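Residues 1 to 127 in the UniProt record's numbering are what the sequence shown spells out, letter by letter.
Don't read these hints as lab results, they were simulated from the structure.
Owing to the predicted nature of the structure, the values given are computational and were not obtained by experimental measurement.
Glycine residues also receive a C-beta, built at the ideal position from the N, C-alpha and C atoms.
Treat the hints loosely; a few may be bogus.
To be verified - Label-pair restraints from in silico Cβ distances:
| id | residue 1 | residue 2 | range |
| --- | --- | --- | --- |
| 1 | Thr51 | Thr85 | 47 to 55 angstroms |
| 2 | Tyr39 | Leu94 | 15 to 23 angstroms |
| 3 | Ser21 | Pro67 | 22 to 30 angstroms |
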Amino acid sequence: MTQNQGKQRAATADDPAYIISGGAFRMLVGDLFDLLAQYSFLRNRVVEVKTEKRLARLQKNLSGENPSIRRMYRRWGFAEDQVVTCYDILEATLRRAHLTPYDPEEAAEDGIGCGRCCALCEDHSCE
Numbered sequence: 001m002t003q004n005q006g007k008q009r010a011a012t013a014d015d016p017a018y019i020i021s022g023g024a025f026r027m028l029v030g031d032l033f034d035l036l037a038q039y040s041f042l043r044n045r046v047v048e049v050k051t052e053k054r055l056a057r058l059q060k061n062l063s064g065e066n067p068s069i070r071r072m073y074r075r076w077g078f079a080e081d082q083v084v085t086c087y088d089i090l091e092a093t094l095r096r097a098h099l100t101p102y103d104p105e106e107a108a109e110d111g112i113g114c115g116r117c118c119a120l121c122e123d124h125s126c127e
């Protein structure tokens with residue numbers, strides 16, 4: 001999907017525009033990178049298992065709670081006892097904790113953009 005197609009899909013889905021702070025964006029990118037690295041490491045370990053004994057050892061090592069996941073949950077804005085069971089819960093929590101609704105008029109008053117366009121529709125190029 002091209003960037004423009006994604007913007008069009010968001011605009012047609014009545015998906016409101018948001019602003020994310022630089023710190024929150026870097027945190028999310030870092031956490032996504034950590035998840036990819038953990039997945040790759042785990043995948044390689046599973047592929048390398050050749051015996052029942054090594055499989056049992058791997059299961060024992062992975063049976064405890066992963067502290068890095070618990071830290072991610074805290075950074076993402078989840079309560080200590082909250083569990084992520086679906087995409088909607090994850091999206092709602094991240095939206096509430098890290099996104100600010102984008103208001104073009106308010107942004108223009110703050111000196112952000114020209115107030116006559118938005119990144120979703122690109123009807124007007126800011127000078």
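Hints and how they fare:
With their beta carbons about 35 angstroms apart, Thr51 and Thr85 fall outside the hinted range of 47 to 55 angstroms. Between Tyr39 and Leu94 the CB atoms are about 19 angstroms apart, so this pair conforms to the stated range of 15 to 23 angstroms. Between Ser21 and Pro67 the beta carbons are some 26 angstroms apart, a value that agrees with the proposed interval 22 to 30 angstroms.
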